[in-house]
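Visitor: Line by line, the protein sequences give chains E and A. Residue numbers 15 to 191, in the working numbering, belong to the letters of the first sequence in order. Residue numbers 11 to 766, in the working numbering, belong to the letters of the second sequence in order.
Because the hints were derived from the structure by calculation, they are not lab data. Treat the numbers as computed from the prediction; the structure is a model and nothing was measured. Yeah, the Cβ is synthetic: ideal placement off N, Cα and C, and Gly gets one too. A portion of the hints provided could be inaccurate.
[Said to hold, decoys possible] Which residues of chain E face chain A? A few of them, derived with a C-beta cut under 8 Å, are:
1. 27
2. 30
3. 35
4. 128
5. 131
6. 136
7. 145
8. 146
[Claimed, not checked] Output of the computed footprint for chain A on chain E, the stretches with three or more beta carbons under 8 Å from beta carbons of chain A:
9. 69-80
10. 147-158
11. 163-170
[Unchecked claim] Reference excerpt, derived from the structure (chain E facing chain A, CB under 7 Å, subset only):
12. 24
13. 31
14. 44
15. 52
16. 83
17. 127
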Amino acid sequence: MPALEGIFTRYKKPVFNFAYRFLANRAEAEDVASDVFLAVVSGRYHHSPQAKFSTWLFTVTRNSCISRIRSGKKIFSIWFKTEQGENQHMDIADESMPGPDNALLKEEQSVFLEKALARLPLGQREAIILKEFQNMRYEEIATVLNCTLANVKILIFRGRENLRRELKTSGLGEEMQ
Amino acid sequence: MNTNHEEWKQLVSAYIDDELSSTDKDTLHNHLVDCPACQKYLKELQSLSQNVSALNNQTLSPDLEQRLNNLNSRTERSPMNKTSLWKVTKTVVPVVVIAVLIALTMQIYVKRGIQGRMRSAADDIGNQYSANNGNRSSLVALGTAQQKVNKNGSITWKDTASTTQPSSQVFKGDESRSRKRAANKLFNASEVTETQRGQDPVALKEKYWGANSGQIQDGAVEEGYLRRENDQRGGFMAPQYPYAPVQVQESNTEQYDLITENDFHDVTDDPLSTFSIDVDTASYANVRRMLNSNQFPPPDSVRIEEMINYFKYNYSQPGWNQPFSINLEHGLCPWNTSHQIVLIGLQGKNLTEQQTPPSNLVFLIDVSGSMNDANKLPLLKESLKMMVAQLRPEERISMVVYAGNAGVVLDSTPGYNKGLIMNAIDNLQAGGSTAGGQGIHLAYNIARKNFINNGNNRVILATDGDFNVGVSSDSELVRIIEEQRQSGIFLTVLGFGTGNLQDGKMEKLADKGNGNYFYIDSLDEGKKVLVDELGSTILTIAKDVKIQVEFNPQAVKAYRLIGYENRKLANKDFNDDKKDAGEMGAGHTVTALYEIVPAGSWENAGGNVDPLKYQKQTEKKSFWGNSDEMMTVKLRYKEPKSETSQLLTKVLKNPAGIGGSGWFGSSDNIQFASAVAEFGMLLRNSSYTANSSYQAVIQRAQNSAYNDQYGYKNEFIGLVQKAASLDNRARPQVPVYQQQVPVYQQYEQPQGYQQK
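Chain E with its partners taken away, still in its complex shape:
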């Protein structure tokens, strides 16, 4: 296992982002993230030396997210969603925005994309997140999701297809070059 300090600095953001996109709820994602690192420091889950650490870490994160969804906490997250989820969009402002009109467009796009991502079926969503956020290999994703390689391929493809379609129908897809 890499040194703890390194793990924290390197993975805290990815883990949190994964959980955040997975759960679409900041508060829960924060709890998951701290749970995951708690698990890491306590050595609660055994990390087999032949597996890649990041793969293992995201497996733990994913499981933690899933158990959170299962544990009926959704009731509350629904409340949080109506309270802030609809109106609150996280700081997506991109510093490298070209110009004002493009900026507006870009922002709308990413907001829309964010929502579309949140609407994806779970499997597709997590596959996409692991691929796009972490740039994992399909094999690794398969390990995390505990499925076959072919499955990962399909999940990612369907996910992209869905996102593309949603963007298209919203009219934002055209400008998206």
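Since chain E is already given, all that's left is putting chain A on it; use the hints.
Guide: Chain A only, in chain E's frame:
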């Protein structure tokens, strides 16, 4: 071709992920050459992929950062204990659920409460120092955290108001643009109406964000971040800003209660002055902290009596049967030579260790994430260790923590088991963010269980401003504290850190709990409070100590009590044993200063009031005699266990020829105390500063800084110099009647007064 188009697409998807075998790649390449649709698809997917990965941009909230840091540092310091961690995680889940429930039920309350507070803050801005002065002083303090937030705040505001900067305004996807325009219109419209109603735009800003006015209180901080509630005008919600990666921690929510300075009272109208003593010293430590961070303290953070009482003075020791001695001194008023100054000093009895009753202390410690700063929990831990080292075997100490969860980390442990106590202190960790817990009940229960008869039973609350101790409202908290006080368990409050300090509330709580409020800004201060003054801080020798002074109109025309603004009592409260007042600990000194306008002065100190129309103004009252007396100081106190008070009186004779002896004849006590008072008045921008100056303060303090065992007085001089360099306010105009004051007045003929 259409039939296997789906397959091509799949290949494209894998292709951009570089997951194709070389044969597949070749096939795809060949296909792409003559299939524009697939080329387009490839481009779209690449752009989509890019855009999706751009969503991987969520910054961690400061709270989460802190939680993770805690985890990290915890493992660095001590090897992990699996079982305890299990426990922690197991408790985290229900606590989160409870917190969410509380949040749910409090939602309405929070909304209303917050808006109400913001509104009143906005209203108050005009006439109150607190919020505005926060701004002002932060302007003085270049590069302080506060200023960053100010900047931040104003930027945020601009964003909200302008249509050209929509970067943070985000609405529902499809119709967002049109809605945005409409919404901005709405918002601007409402803003205009507000402004037209004559409100200061700054006040308006405060109203929406309340960021600088410090009005966001415990209820609003849910799960560690500020959820700013917006006005819902016409159904429009202003965008809610998530924390930028910037500094939520640094946003300043320190709160200070308004202090209205005491006025001069005409002795013929109002010969009695009554107040409760105050042995707190927190204000001085807090001011010191601010000055040391190059910040000019806001006026309401300066309580002059607490500054004066920070220092020890040379008073006579009390007689064997009295808990304290009364010392009266008299001198010229240094900042206004036509006035005089009277010092009332109480010296509490010093107890030797054998006389000191044993302590039963329950520390109620805030371990929320914010306590992690070096000047908070770590400082408390070091201070506690020094205290424990001096603990006697029969004394007991226990610790209860609260944050996400209240829990006993050290059940009542006798002083001989120092190892165990030290261990528990070492294991204190800041972490967790959620409100909740039954901390205060837990702490009082432990104190009750281990109650030591005739001992010093006390709950000591250590916090940086979060009072999520398991009681929902302030009044409920006060009620509990008062109730426990009746049964002999007192409360002391230790304040730590910056940014969220709720100074007024802390002082009030300690006051209700027959205790003291200390602000601990350094290890030295921690040592002073918990170790050097252990006996006195902690041990009450007299309670409900009230002072009533009767001035003799033959010698005094008008008087003004310096400081003690929030300790004033009604005259009739003096003999009312039910009225609560300040406590005095072993070895404590309490010092109060009166600024006095001597009889015969031409000043109209009582203000200009029209003669009464319906009542005949009686000629001046006739006197009992005693023309050689200046004033009588009466003092009531109760023994710690008694409910009936005892009376002490002492008379100050009319000093002869004070003008002749001059200022430099007065004692070190009065010189130093008046220097501190003058400094406090300068900081508060008092309207009575007259000829005050930092230079005069420094000079007098230097002349009188003897008996400075711990170097506090010299430190004070340094602070004054610092304040002088930070103070760029215009000096207040000296009132006209004070400008032409002849240097020495005639004091020989006080009886001439009533024949006016």
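Visitor: Does residue 27 (chain E) pass the interface hint, meaning its C-beta sits closer than 8 Å to a C-beta of chain A?
Guide: holds, 6 Å
Visitor: Hey, does the residue 145 (chain E) contact hint survive, CB to chain A under 8 Å?
Guide: The hint holds - residue 145 (chain E) has a Cβ within 8 Å of chain A, the shortest such distance being about 6 Å.
Visitor: Closer than 8 Å between Cβ atoms is the bar; does residue 131 (chain E) clear it against chain A? Give me holds or violated.
Guide: holds, 7 Å
Visitor: Go check the stretch 69-80 of chain E versus chain A for me, would you? Three or more residues, Cβ under 8 Å, otherwise it fails.
Guide: Violated, because only 0 residues of the stretch 69-80 of chain E bring their Cβ atoms closer than 8 Å to Cβ atoms of chain A.
Visitor: Classify the hint on residue 52 (chain E) as holds or violated, based on whether any CB of chain A lies nearer than 7 Å to its CB.
Guide: Holds - the Cβ of residue 52 (chain E) comes within 7 Å of chain A, reaching about 6 Å at its closest.
Visitor: Do the numbers back the hint for residue 127 (chain E), that is, is its least Cβ distance to chain A under 7 Å?
Guide: holds, 6 Å
Visitor: Checking C-beta pairs, does the stretch 163-170 of chain E have three or more residues closer than 8 Å to chain A?
Guide: holds (count 3)
Visitor: Does residue 24 (chain E) pass the interface hint, meaning its C-beta sits closer than 7 Å to a C-beta of chain A?
Guide: Status violated, d = 12 Å.
Visitor: Under 8 Å is the threshold here; is the Cβ of residue 35 (chain E) close enough to any Cβ of chain A for the hint to stand?
Guide: This interface hint holds because 7 Å falls under the 8 Å limit.
Visitor: Using 8 Å as the Cβ threshold, decide whether residue 128 (chain E) counts as touching chain A.
Guide: holds, 6 Å
Visitor: Tell me if residue 83 (chain E) is really an interface residue toward chain A, meaning its C-beta lies closer than 7 Å to one of theirs.
Guide: violated, 13 Å
Visitor: Would you check whether residue 136 (chain E) satisfies its interface hint, that is, whether its CB is within less than 8 Å of any CB in chain A?
Guide: violated, 16 Å
Checked against the numbered hints given earlier, this structure breaks hints 6, 9, 12, 16; the rest are met.
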